[in-house]
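Each chain is listed here by its residues.
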Amino acid sequence: MAASSDWGGSSALRPTRWWQMRRRSQQLAGLAYVTPTVIFLAVFFLAPLALVVRMSASRWPLLGGDKGFNLPDNYNAIADSSLFGPAVVFTIEYTILATVLLIGMGLGLALLIQAGGKWRGFIRTAVLLPSAMGLASASLLFWGLYSNQVGPINPILQAMHLTSSPIQFLEEPLSALWWTTFLIVWRFAGFYMLILLVGLQSIPRDLYEAASIDGANRWETFRHITIPLLSRSLALSFILCITGSMLAFDQFYILTQGGPDNSTMTIVQLIYHYAFQSQNLGTAAATSVVLLAILLVLNAIQFFRLRGADEAK
Amino acid sequence: MRKTLRLPALATAALIAVVGCSSSATPSVTPTIAASLAPGASAAPAEPGTDDGTRISVWTRASTQAQAQELVAAYNATHKNQVDLTIVPNDNMQAKVAAAAAGSSLPDVISGDVAFMPNWTSQGLFTDITSKIASLSFANQLTAGPIKASTVDGKEYGLPFIMDLSVWVYNKDLFTKAGLDPNKPPTTLDEYKADADAIEKLGGDVVGTEMPGECFGCEVFTWWPSIWADGGQVMNADGSAATLNTDEAKKVYTTMRSLVADTAAGDKSETGTTWIAGFEQGKVGLQPFPGSALAAIPATVNYGVTPIAGFTAGSQSTFVGGDAIGITSNSKHVDQTWNFLAWTMSDYAQVEIVAKGGNIPVRTDLASNKYSSADPRIVAVNQVAGKGVTPLAKNFGAAYNDPAGPWGILTRSALYGADDWTTKIDSQNDAITKVLAGN
Amino acid sequence: MVIRNTPFYVLSGGLAIVFLFPLAWAAIASVMATPGSAQVTGAGLGNYRALFSWQDGLPTYFMNSVIISCLTVLVTLGVSLPGGYAFAKFDFPLRNTIFLATLAILMVPVATMLIPLFVLLKVIGLQDSLIGLSLVLAMFQLPFATFMMRVSIEGVPKELEEAAKVDGCGTFGVLRKIILPAIQPGIVTVALFAFLAAWNDFITPLILISDSTKMPLALAITTMREQSIGVIDYGSLEAGVVVMAVPCLLLFFGLQGQYVRGFMSGALKG
Numbered sequence: 001m002a003a004s005s006d007w008g009g010s011s012a013l014r015p016t017r018w019w020q021m022r023r024r025s026q027q028l029a030g031l032a033y034v035t036p037t038v039i040f041l042a043v044f045f046l047a048p049l050a051l052v053v054r055m056s057a058s059r060w061p062l063l064g065g066d067k068g069f070n071l072p073d074n075y076n077a078i079a080d081s082s083l084f085g086p087a088v089v090f091t092i093e094y095t096i097l098a099t100v101l102l103i104g105m106g107l108g109l110a111l112l113i114q115a116g117g118k119w120r121g122f123i124r125t126a127v128l129l130p131s132a133m134g135l136a137s138a139s140l141l142f143w144g145l146y147s148n149q150v151g152p153i154n155p156i157l158q159a160m161h162l163t164s165s166p167i168q169f170l171e172e173p174l175s176a177l178w179w180t181t182f183l184i185v186w187r188f189a190g191f192y193m194l195i196l197l198v199g200l201q202s203i204p205r206d207l208y209e210a211a212s213i214d215g216a217n218r219w220e221t222f223r224h225i226t227i228p229l230l231s232r233s234l235a236l237s238f239i240l241c242i243t244g245s246m247l248a249f250d251q252f253y254i255l256t257q258g259g260p261d262n263s264t265m266t267i268v269q270l271i272y273h274y275a276f277q278s279q280n281l282g283t284a285a286a287t288s289v290v291l292l293a294i295l296l297v298l299n300a301i302q303f304f305r306l307r308g309a310d311e312a313k
Numbered sequence: 001m002r003k004t005l006r007l008p009a010l011a012t013a014a015l016i017a018v019v020g021c022s023s024s025a026t027p028s029v030t031p032t033i034a035a036s037l038a039p040g041a042s043a044a045p046a047e048p049g050t051d052d053g054t055r056i057s058v059w060t061r062a063s064t065q066a067q068a069q070e071l072v073a074a075y076n077a078t079h080k081n082q083v084d085l086t087i088v089p090n091d092n093m094q095a096k097v098a099a100a101a102a103g104s105s106l107p108d109v110i111s112g113d114v115a116f117m118p119n120w121t122s123q124g125l126f127t128d129i130t131s132k133i134a135s136l137s138f139a140n141q142l143t144a145g146p147i148k149a150s151t152v153d154g155k156e157y158g159l160p161f162i163m164d165l166s167v168w169v170y171n172k173d174l175f176t177k178a179g180l181d182p183n184k185p186p187t188t189l190d191e192y193k194a195d196a197d198a199i200e201k202l203g204g205d206v207v208g209t210e211m212p213g214e215c216f217g218c219e220v221f222t223w224w225p226s227i228w229a230d231g232g233q234v235m236n237a238d239g240s241a242a243t244l245n246t247d248e249a250k251k252v253y254t255t256m257r258s259l260v261a262d263t264a265a266g267d268k269s270e271t272g273t274t275w276i277a278g279f280e281q282g283k284v285g286l287q288p289f290p291g292s293a294l295a296a297i298p299a300t301v302n303y304g305v306t307p308i309a310g311f312t313a314g315s316q317s318t319f320v321g322g323d324a325i326g327i328t329s330n331s332k333h334v335d336q337t338w339n340f341l342a343w344t345m346s347d348y349a350q351v352e353i354v355a356k357g358g359n360i361p362v363r364t365d366l367a368s369n370k371y372s373s374a375d376p377r378i379v380a381v382n383q384v385a386g387k388g389v390t391p392l393a394k395n396f397g398a399a400y401n402d403p404a405g406p407w408g409i410l411t412r413s414a415l416y417g418a419d420d421w422t423t424k425i426d427s428q429n430d431a432i433t434k435v436l437a438g439n
Numbered sequence: 001m002v003i004r005n006t007p008f009y010v011l012s013g014g015l016a017i018v019f020l021f022p023l024a025w026a027a028i029a030s031v032m033a034t035p036g037s038a039q040v041t042g043a044g045l046g047n048y049r050a051l052f053s054w055q056d057g058l059p060t061y062f063m064n065s066v067i068i069s070c071l072t073v074l075v076t077l078g079v080s081l082p083g084g085y086a087f088a089k090f091d092f093p094l095r096n097t098i099f100l101a102t103l104a105i106l107m108v109p110v111a112t113m114l115i116p117l118f119v120l121l122k123v124i125g126l127q128d129s130l131i132g133l134s135l136v137l138a139m140f141q142l143p144f145a146t147f148m149m150r151v152s153i154e155g156v157p158k159e160l161e162e163a164a165k166v167d168g169c170g171t172f173g174v175l176r177k178i179i180l181p182a183i184q185p186g187i188v189t190v191a192l193f194a195f196l197a198a199w200n201d202f203i204t205p206l207i208l209i210s211d212s213t214k215m216p217l218a219l220a221i222t223t224m225r226e227q228s229i230g231v232i233d234y235g236s237l238e239a240g241v242v243v244m245a246v247p248c249l250l251l252f253f254g255l256q257g258q259y260v261r262g263f264m265s266g267a268l269k270g
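Chains A, B and C, in that order, give the protein sequences. This note's numbering numbers the first residue of the first sequence as 1 and each following residue consecutively. This note's numbering numbers the first residue of the second sequence as 1 and each following residue consecutively. This note's numbering numbers the first residue of the third sequence as 1 and each following residue consecutively.
These are calculated hints, taken from the structure and not from any lab test. The beta-carbon is built from N, C-alpha and C at its ideal position, and this holds for glycine as well. Be careful, since some hints might not be right.
Listed next, the in silico BS3-like pairs over lysine-lysine satisfying Cα-Cα at most 27 angstroms (straight line) [to be verified]:
hint : chain 1 : residue 1 : chain 2 : residue 2
1    : B       : LYS332    : A       : LYS67
2    : C       : LYS122    : B       : LYS332
3    : B       : LYS155    : B       : LYS177
4    : A       : LYS67     : C       : LYS122
5    : A       : LYS67     : B       : LYS155
6    : A       : LYS67     : B       : LYS132
Derived Cβ-Cβ restraints for the label pairs, each shown as a range [claimed, not checked]:
hint : chain 1 : residue 1 : chain 2 : residue 2 : range
7    : C       : ASP128    : B       : GLU191    : 53 to 61 angstroms
8    : C       : CYS169    : A       : ARG54     : 43 to 51 angstroms
9    : C       : ASP91     : A       : ASN76     : 56 to 64 angstroms
10   : A       : ARG54     : B       : ASP262    : 51 to 59 angstroms
11   : B       : GLY386    : C       : LEU20     : 35 to 43 angstroms
Here chain A stands alone, though its shape is the one from the complex (with noise of 0.2 angstroms):
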């Protein structure tokens, strides 16, 4: 992220005072620039982040708002309840589960898409297919698509003589976390292709060729040559999976609310459960200052892995 170039850039040699008042002309070109991102960022995002928190940490019945402070008996109410820690454990379960899957696949995918062959252009368009469908549409095809009453899967493979009973696709808490979880491979397995694909392209090809008369088998060639250099698109790509899983809500809003059992409650769902359905918006804006804290600790370890990992190149 140390991009930054100075338009002064062999300016060492030129009399100091030009070059103060260049490097000044750029910070105010600088912040001109950046300035409808600031308002927007204050207006749009900080000033409802603000009173997020403000909610968070006041009495704040639905008609009438603010009644006051009541620090911290909104943060005590997460802790009290039963909910919240299963959601936890849940939502880390989903998002290790998602992470590797996505990664997974999308790494097969570009490898395959890297390859090449004659349908790799078709191939390409198919897994990409997906991402422009939005996740509020696609959860409602797959919800079509398992249902018990119009969903065509059952009775194909029970054609196909290929299952005896018909797949329970979301009454059993582990089958609803898988089929949500292939659901989400299938909208965003294209994405991360996309973006480890765009890794694999710009690795020299020489390397490849250097270890190949070294006689290193591909498992070495994967481990030592394609992973290190794929490390910042990785990086990215985790980043990117994690903070999306972790804050998961249509797919399971849409497919499961929850089920069976509060078994795939998630901790967007619980704060839209405190705050729409048991109707407390301080408790709902703590769970989300919480969720906020955690995301921010787990990214920026990644950010500064990542820091390191450019120094250490």
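Since chain A is already given, all that's left is putting chains B and C on it; use the hints.
Structure of chains B and C alone, referenced to chain A:
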């Protein structure tokens, strides 16, 4: 570059198109339609409230959209006031109301699930209309449940808007096929079970009965009447403590559990989205049913309607649900809005729109009318309304409708739990009480 | 490196089927008979007809979605292009802080922000308006858009800029004459993402839009599939999914080349 530059032009064109669209959509009803819709309207005595051409905003939930649309269209065609109807997906009504309340931007009218009324009312969402209700000539004939649900400290904040009741329906053809008498519907829960078992034996794609495993609202709607029928209660009077672990209640759960075990009833993941579709296709022997959906059963299905019963012969009850309606505390047009509300309960609206569409009138004096008498099944539904209960609790939604709530856990362990499921009933009843008593 | 053997084709073919099957099924199911839908027997367009005439009519909702999506694209580009330029090419106070604050938008759940945003739009007089909704949707796009613009602009060779400066271009001239043409794939990618996100979002308009004539397509379709007592009309659901998806898929097909190049350009490499 060219592509991005074209976007503003496109957006401008689109903007013009929509502005043109919405302005031409302003209702301009031709006099002939207006006259034909309400022949007696002009001759009738002055209506309550004010009709001066105000725009009234109404939010209603998706599940009752058809009837709400008909009422609004007929009102708009015959009045200067114009109602703008916004239909909100059922699951998102709470979220939308919460955001609007936080921004003091509630519409003039909210029509919501009657189960949410105690909560919304106690949060101060609605305007007091006690004296307005009292001034109606038919005030005493209005279905009491929704009004009671919207009463706080003796002040009334809401009215019935769209009625729904739970009943049992049974497929007469399947009864005949299974060797049962199609004119003898079950009169107790035990008979219900026996009939379901008999029909289950027909095999093929026919099932005895239907049980939506993940639809907790459905279970409130269809199990509780059996508890009430035998004189049991599900909650204390002010809805602050649950009594869902009584022996009567456990007996009902046991029957429901055996229905699932013996007749492969329903679907563990059924969230209520298609729980009546099987009956509409003629593939289910008998099942509980929403009275409001009877009109949607195709004529090809030869069905009968009977009240939900308990274990004693002749015991009957029903859940009086549906939508209640209130004028919000943000409304600036209370008199104009009252004009609309009062009109929806008038003889004309209740008979010519509600009853004519096969729905249940909100007034008991109109329970039998020229449309209902044509179909004995509708008479049966309207009659059971008087025996029904509208359970009241401020935290009803959080306790019973929320998929993450304790009632969900209770019903799931009753239907699918391990053999020691009865032990869970007591602990979940306590959990429900905790939610009910919470603020 | 080209592999030509049977397992490769089986694998590729299998993958293609898995990825295309759901889309194909939605298209087929939407015209087939479904109990409880507008198409009860045989095959036909009953579900689409029902969709077309629901409430204010499909064209109204379609146009609303087009307006919302285009406005969101414009706002997103209008903010992220100069922003990305600033982060890529200038040094100024709080540069990293502002950039990280932009990325932090990714870490806040949308559901939490909606009530405060509702209140905010009321305060600034944009309540219940397509413009207000678009501004909010653009805000949620900012992290990706700013990041993408930054890496694309960082990838523009410095020599080009130097040449333009010698010709007397100011920083804005460089942006207009050198950077804009060079990062066109990046711009298309950002625009496409913003369009798709705005087109498909359902929960934000649900909370922020109350006037039923201003509803976008995604909200209208979610609302109409619900019938009495939570019963769902699967037929109109599938038809709705198709109507929602077709414009997206067409756009995606048309812009695929640009979009893939958008990712390839800039510092995403390595």
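Evaluated hints:
1. B:LYS332 to A:LYS67: holds (25 angstroms)
2. C:LYS122 to B:LYS332: At roughly 17 angstroms apart (the allowed maximum being 27 angstroms), B:LYS332 and C:LYS122 satisfy the hint.
3. B:LYS155 to B:LYS177: This hinted pair is violated, its Cα atoms lying about 54 angstroms apart.
4. A:LYS67 to C:LYS122: Judged against 27 angstroms, a Cα distance of about 20 angstroms means the pair holds.
5. A:LYS67 to B:LYS155: holds (25 angstroms)
6. A:LYS67 to B:LYS132: violated (32 angstroms)
7. C:ASP128 to B:GLU191: 53 to 61 angstroms: The hinted range 53 to 61 angstroms holds for C:ASP128 and B:GLU191, with Cβ atoms some 54 angstroms apart.
8. C:CYS169 to A:ARG54: 43 to 51 angstroms: This hint holds: roughly 47 angstroms between Cβ atoms.
9. C:ASP91 to A:ASN76: 56 to 64 angstroms: Distance hint for C:ASP91, A:ASN76 is violated at roughly 45 angstroms.
10. A:ARG54 to B:ASP262: 51 to 59 angstroms: holds (56 angstroms)
11. B:GLY386 to C:LEU20: 35 to 43 angstroms: Violated, since B:GLY386 and C:LEU20 (Cβ atoms, about 57 angstroms apart) do not stay within the stated range.
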